[in-house]
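K.L.:
Taken in sequence, the protein lines are chains A and B. Taking our numbering, I'd label the letters of the first sequence as residues 2 to 67. Taking our numbering, I'd label the letters of the second sequence as residues 108 to 338.
Because the hints were derived from the structure by calculation, they are not lab data. Note that the Cβ used here is the ideal one computed from N, Cα and C, for glycine as well. Accuracy of the hints is not assured; some may be wrong.
Mimicking BS3-like on lysine-lysine, the simulated pairs with C-alpha atoms at most 27 Å apart in a straight line are [what the hints assert, rightly or not]: (1) Lys142/B x Lys337/B; (2) Lys66/A x Lys145/B; (3) Lys145/B x Lys274/B; (4) Lys66/A x Lys142/B; (5) Lys142/B x Lys187/B.
Some, not all, of what chain B presents toward chain A, calculated at C-beta under 8 Å [stated by the list, open to error]: (6) Ala222; (7) Leu229; (8) Trp272; (9) Gln296; (10) Ile297; (11) Trp299; (12) Ser302; (13) Thr311; (14) Met314; (15) Ala317; (16) Thr318; (17) Gly320; (18) Val333; (19) Lys337.
Listed below are the residues making up each chain.
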Amino acid sequence: MRALLFCAAVLATACGDNRAAPPPDDAAVIPDAPAARTACLDRPTDLAVAPSGELPCDLLPPGFKP
Amino acid sequence: MRLICAALFGISLVATATVAEAHVSIVSGSAVTAKSQKITFGVGHGCDGADTVKIRVEIPAGISGVRPLASDFATPSVEKTGDNVTAVTWDKPAEALQDGDVQYYELTLRARVDAPAFSTLLWHVYQTCRTKAGVETVVPWIEAPGGTGDPAPALIVAPAHLPGWNKITLDATTTVAATSLPTYLGDAQIVWRGSAAFSTNANTMAMVAATPGVTALSGDLAPNDVLWVKY
Chain A
2 MRALLFCAAV LATACGDNRA APPPDDAAVI PDAPAARTAC LDRPTDLAVA PSGELPCDLL
62 PPGFKP
Chain B
108 MRLICAALFG ISLVATATVA EAHVSIVSGS AVTAKSQKIT FGVGHGCDGA DTVKIRVEIP
168 AGISGVRPLA SDFATPSVEK TGDNVTAVTW DKPAEALQDG DVQYYELTLR ARVDAPAFST
228 LLWHVYQTCR TKAGVETVVP WIEAPGGTGD PAPALIVAPA HLPGWNKITL DATTTVAATS
288 LPTYLGDAQI VWRGSAAFST NANTMAMVAA TPGVTALSGD LAPNDVLWVK Y
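Isolated chain A, as found in the complex:
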C-alpha cells in the first residue's frame, strides 16, 4: 500500500503543466506585415501562400523591395 501511494505521488509530480509559453505577438515584430510584400526570410511567420495569382513570398528573394 505504501509503495502504491509512492507511485501515485511520483506520477502526480511527473504530469505537471508542460504547455509552452504563448508565442510572441507577430504584429509587434513586424508592424506593417499585412501590407508589405517581402520575402519569406524577412517575414518568417508568414505562410507561403500566393494571393490572387501573385508570386508567393517563398519565390521572392531575400531583401526584396518591389
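With chain A's structure known, arrange chain B on it following the hints.
P.N.:
Leaving out everything else, chain B in the frame of chain A:
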C-alpha cells in the same frame, strides 16, 4: 489530301528528331563548376545497324582529375600526358559483339570541372562500330554547334549552388545571352536580377506577370550582375 501530307510531314519530322537525338551525348545533366562529379555519356545507337564496340573520349581543357568507371560495356583504359588524363577508351571484348544495333550503352567518368560557370565544354568522342562480318566504321562526334557533322557532346557548366537561395555574382568577364538563360539556369525555380525574374516554368512566369513591381527578366546578363537564384 493536303491534311494527310501535312500529317505525314509532321510524323517524318518527329522521326527525324528522334534519330537525331539518339546519338552520343552527355546524359548526366549539367555540371557545376569547381567540383568533382560524374559525367555520363549515353550511346543511343550504333552505326547503320552495326553494334558499337569502342568509344574514345578526348578530355577537353577545363577538366581535370579524370577517373573513368568500368561498365558492362568494357573496362576503360586511359591515355596520359604526364599526370593528366588526355583520353579515355572503352573497348568492348570481341566476344561481346552483338548481332546488330540493339543495345544502349552508358559510359561514365568522374572528373573535376574547372571551367567557369555559364560556359559549355565540347567533348570530342569517336565511336567505333563493327558488323558481324568484321567491317568497322568510325563516327567522329566532334562538330561544334551550327556545323553539319555529328555534334560533339556538350557539357553545360552551371554555377555552384545549394538547394534554396543562392546569391550568384557573374565575374568581370562573363556575359550570358538572354537566350541561354534556360540552358544555364533552367533547373532553378526562379532567378532574380533586381526586381526582374525568370523561370522556365510557365506558371511561375504567369505569377511574375501578375505581381506588381515585378517584371520578366529580359536582356543579356552582364559582368558583375548579382543574381538571387532559388533551386
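K.L.:
Work down the list of hints and note, for each, if the structure agrees.
P.N.:
Verification of the hints:
A distance of roughly 20 Å separates the Cα atoms of Lys142/B and Lys337/B; the hinted pair therefore holds under the 27 Å criterion. For a cut-off of 27 Å, the pair hint linking Lys66/A to Lys145/B is broken: about 40 Å separates their Cα positions. A distance of roughly 25 Å separates the Cα atoms of Lys145/B and Lys274/B; the hinted pair therefore holds under the 27 Å criterion. Taking the CA atoms of Lys66/A and Lys142/B, the gap is near 34 Å; set against the 27 Å cutoff, the hint is violated.
As the CA atoms of Lys142/B and Lys187/B are separated by approximately 21 Å, the hinted pair is consistent with the 27 Å bound. Interface restraint check: Ala222/B against chain A, minimum CB-CB distance 27 Å, threshold 8 Å, status violated. The beta carbon of Leu229/B is not positioned within 8 Å of any beta carbon in chain A (closest approach about 33 Å), and the interface hint is therefore violated. Interface restraint check for Trp272/B: the shortest CB-CB distance to chain A comes to about 6 Å, inside 8 Å, so the restraint holds.
At its closest, the beta carbon of Gln296/B sits 7 Å from a beta carbon of chain A; the interface hint therefore holds under the 8 Å criterion. Because the smallest distance between the Cβ of Ile297/B and any Cβ of chain A comes to about 5 Å, under 8 Å, the interface hint for this residue holds. For Trp299/B, the suggested interface contact is upheld, since its CB lies about 5 Å from the closest CB of chain A, less than 8 Å. The beta carbon of Ser302/B comes within 6 Å of a beta carbon in chain A, closer than 8 Å, and the hint placing it at the interface holds.
Interface hint at Thr311/B: satisfied, since its Cβ lies 7 Å from the closest Cβ of chain A, which is below the 8 Å cut-off. The beta carbon of Met314/B comes within 5 Å of a beta carbon in chain A, closer than 8 Å, and the hint placing it at the interface holds. At about 4 Å, the closest approach between the beta carbon of Ala317/B and any beta carbon in chain A falls short of 8 Å, and the interface hint on this residue holds. Because the smallest distance between the Cβ of Thr318/B and any Cβ of chain A comes to about 4 Å, under 8 Å, the interface hint for this residue holds.
Residue-level restraint check for Gly320/B holds (minimum Cβ-Cβ distance to chain A is 3 Å; threshold 8 Å). The interface hint given for Val333/B is violated, since its Cβ lies 10 Å from the closest Cβ of chain A, which is over the 8 Å cut-off. Because the closest C-beta pair between Lys337/B and chain A is about 7 Å apart, less than 8 Å, the hint holds.
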